[in-house]
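Undergrad: Between the sequences and the hints, there should be enough to build the whole structure, so can you do that?
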Amino acid sequence: MFYQTDGDTIATHWNTVFQERLQELPQDAEAQALVSELHDVTSAYTDFCAALNARVENLRLPKLPSARTASAAALPADILLLIFSIFSEQEPLGDLCEWRGIRAGDSDSDGDSSVEAADSHHITPSCPQWCDCWLVPGLEWTRVTHVCSHWRRVALENAILWTTIPLSLCTPWLQELLLRSRSLPLNVTIPCDANWDAVETIISDCIHRIRSITAERGSAIINTILSRYPAPLLEILDIDQSTANVDPFTIPADIHTTIPRLKHLSISAVAFPPDMQYLAPLQLTHLSILTATVIPATTELCGLLQALRRVEFLQLENCLPAASEDICSQPIPFPHLETLILQGRASSCGAVMRSLVISPSMSVTLYMLPDEQPIVDSSTYMQRSGLGALLAAVCPTVFHSLHLSCVAIRPNEWQLIVAGLRHPCHIDRYVYEDTRIENNWTGPSYEDLKIVCMLPPIILDGEHSSHVLALSLFTHLMATLPLPSLSMLSLKVDALLVLDTNAWNCARWLSILPRAEKLEHIQLVAQPWQLVDPTKHAQPCPYVDLMLALSLGPHLSQKCILSPDLTEISLVNIDAAATVVVGAGAGRYLRTAASRVLHYFLSSRRHFGKENVYVSYTGISWQHRYFGNTDYGPLVKMGGEIVDMKEEHDQETVHDMISEAVSHSFPANALVT
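So in our numbering, spot 633 of the sequence shown is number 633, and the numbers just go up one at a time.
Everything labelled a hint here was simulated from the structure, so no lab data went into it.
Everything numeric in this text was worked out from a predicted model, so none of it was measured.
Every residue gets a Cβ at the ideal spot worked out from N, C-alpha and C, and that includes glycine.
Some hints here could point you the wrong way.
Here are the computed lysine-lysine pairs in the DSBU-like style, where the Cα-Cα straight-line distance is at most 30 Å [unchecked claim]: (1) 610 with 518; (2) 518 with 559; (3) 559 with 610.
Quick list of simulated restraints, FRET-style, between CB atoms [to be verified]: (4) 514 with 609: 21 to 27 Å; (5) 514 with 607: 16 to 22 Å; (6) 291 with 374: 20 to 26 Å; (7) 503 with 412: 17 to 23 Å.
TA: Here it is as structure tokens:
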């Protein structure tokens with residue numbers, strides 16, 4: 001009889017059979033070990049199958065969301081908007097970039113707009129006949145719309161990103177930008193390579209929406225549009241000083257009604273309205289004028305100043321009337337004025353300066369040209385130029401660094417420069433302040449105080465005497481400027497000081513510099529050496545006297561008289577053979593060279609080493625090693641110059657000679673401690 005059983009019944013049956021037969025086997029040790037091993041293998045197999053089944057079931061379960069950081073494509077819209085805004089400021093739309101045959105339309109944008117590609121047809125060829133490279137207005141920040149649909153949607157839905165309108169783009173692009181910006185105020189830029197076919201049309205159609213206009217060209221077009229249409233939202237009008245702006249900007253007589261919100265006005269050439277009082281309701285905070293077609297009269301300029309009570313930045317160049325008298329009867333207070341820039345004749349600048357109430361914290365830049373009638377006396381010059389009033393106002397404040405330069409730009413013509421900084425900062429070791437002359441001085445400076453005096457040719461008794469005024473002004477400035485607070489002093493006046501009949505010797509420096517007791521760094525810059533006069537060496541130099549003055553004190557077992565906290569000295573173009581003469585008593589004089597005075601200076605300041613002395617030169621003759629004799633020329637390398645006196649005995653002998661001489665010339669009762 002046959003019958004069917006399921007798998008479990010069969011397994012149970014045979015398991016019972018095997019167990020019975022195992023019981024029948026003899027119970028020896030070997031069989032018992034085999035049974036135990038078989039049991040262990042069976043148990044391990046069962047555990048493995050259970051674990052495998054568990055993993056299979058786990059794979060069948062739905063996956064949980066990933067805990068990893070979200071990708072950039074999934075960033076929230078507000079974060080993306082912030083990123084796009086920063087990117088649009090760093091890489092504004094319309095900047096020129098290279099184009100090498102790959103048009104903007106060839107990108108993998110997921111959008112359906114072809115406006116970006118159309119812009120590649122508006123190009124400015126740079127060298128099409130020589131290579132395949134052109135300059136075209138690039139997509140710049142708008143490339144973010146080509147990343148993915150999410151980024152594109154965020155960018156297109158935020159109109160504020162599209163409010164900057166560079167008129168260098170093609171007309172379809174410009175129209176697209178106007179649509180994307182919706183009704184928000186616009187910032188329009190007119191570069192020199194603008195799409196001039198669209199400039200007037202775009203500005204005319206949108207003048208009611210424009211908040212700012214920044215133009216490198218196109219002053220005539222701007223004039224025309226503002227004379228026809230009001231600009232109720234215009235706050236900033238900046239027309240660059242490009243030479244292409246030959247047409248002056250005419251300030252409308254009704255500017256207070258047509259451009260009521262104007263706060264920032266910067267123009268290269270201007271035609272003033274008949275009545276300056278119309279500017280008063282504007283409440284301008286920034287006014288910059290580089291030239292005027294017609295110089296305003298004194299009364300008109302007074303009206304302009306009275307209309308600028310809220311101004312913070314005031315720049316007036318080539319538009320000051322010739323006047324030696326005060327422009328206004330009473331000084332006008334400017335409580336908000338932070339920056340003042342004037343360029344004109346010295347007396348004209350002075351007339352404006354005396355008409356203002358100068359704040360001690362104000363940043364002032366003066367570019368003063370010679371008067372038609374030269375001023376010979378320094379006191380008169382200080383009064384008429386307004387320098388006296390200016391220094392009286394600003395010098396009580398603390399200045400960190402000061403640079404004074406006086407160089408001859410032509411025979412009998414000198415340029416005097418004062419540059420000061422209030423806040424501590426790194427000062428370049430060599431200040432190139434004589435590289436610009438005359439009308440090249442313009443615009444804001446990086447200093448808190450900047451004075452450039454172009455001194456006129458002066459002939460007295462048939463001799464060139466311009467240097468006399470320059471010397472007198474320098475002496476006056478050294479007595480007036482805020483030396484007590486200085487940490488850094490830079491001088492480039494050697495060519496002027498050697499002309500003084502009252503020598504700038506060690507004693508004179510001792511009488512002038514005690515006020516500069518906080519100096520930590522002093523820089524001495526001499527005139528560059530010239531190939532045309534290679535024998536001009538081994539001459540007296542006032543800087544060597546100054547180095548000797550800085551060394552006095554230890555010869556009397558005292559601390560250094562001048563600038564005891566000095567930690568660095570910079571020497572530029574100083575002749576190693578430049579001389580100084582020190583009286584040694586009883587009709588005896590010691591004549592020694594700059595290199596040896598430098599050794600003496602180092603020995604007098606024990607904390608000084610070669611690392612505290614910076615030596616440089618700029619003359620081309622030295623760069624080409626024109627002079628073969630190392631005993632002459634600038635102090636090029638401190639390593640070589642320091643060991644020039646190879647024998648220690650010789651060095652000590654020289655130091656003893658200098659100490660003996662200065663002890664006779666500057667005894668203890670002659671030094672102010």
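Undergrad: Within 30 Å, alpha carbon to alpha carbon, are residue 610 and residue 518?
TA: holds, 22 Å
Undergrad: Between residue 518 and residue 559, does the CA-CA distance stay at or below 30 Å?
TA: Given pair residue 518, residue 559 holds - Cα atoms ~14 Å apart, limit 30 Å.
Undergrad: Evaluate the given range 21 to 27 Å for the C-beta pair formed by residue 514 and residue 609.
TA: Between residue 514 and residue 609, where Cβ atoms are some 26 Å apart, the hint holds.
Undergrad: Verify the proposed pairing of residue 559 with residue 610, using a straight-line Cα cut of 30 Å.
TA: With Cα atoms ~20 Å apart, residue 559 and residue 610 stay inside 30 Å; holds.
Undergrad: Is 20 to 26 Å right for how far apart the beta carbons of residue 291 and residue 374 are?
TA: Hint holds: Cβ distance 24 Å, inside 20 to 26 Å.
Undergrad: When you take the CB atoms of residue 514 and residue 607, is the distance between them in 16 to 22 Å?
TA: For residue 514 and residue 607 the Cβ distance comes to about 21 Å; the hint holds.
Undergrad: Take the C-beta atom of residue 503 and the C-beta atom of residue 412, compute their distance, and say whether it sits inside 17 to 23 Å.
TA: Cβ of residue 503 to Cβ of residue 412: about 22 Å, so the range 17 to 23 Å holds.
Violated hints are absent here; each numbered hint is respected by the structure.
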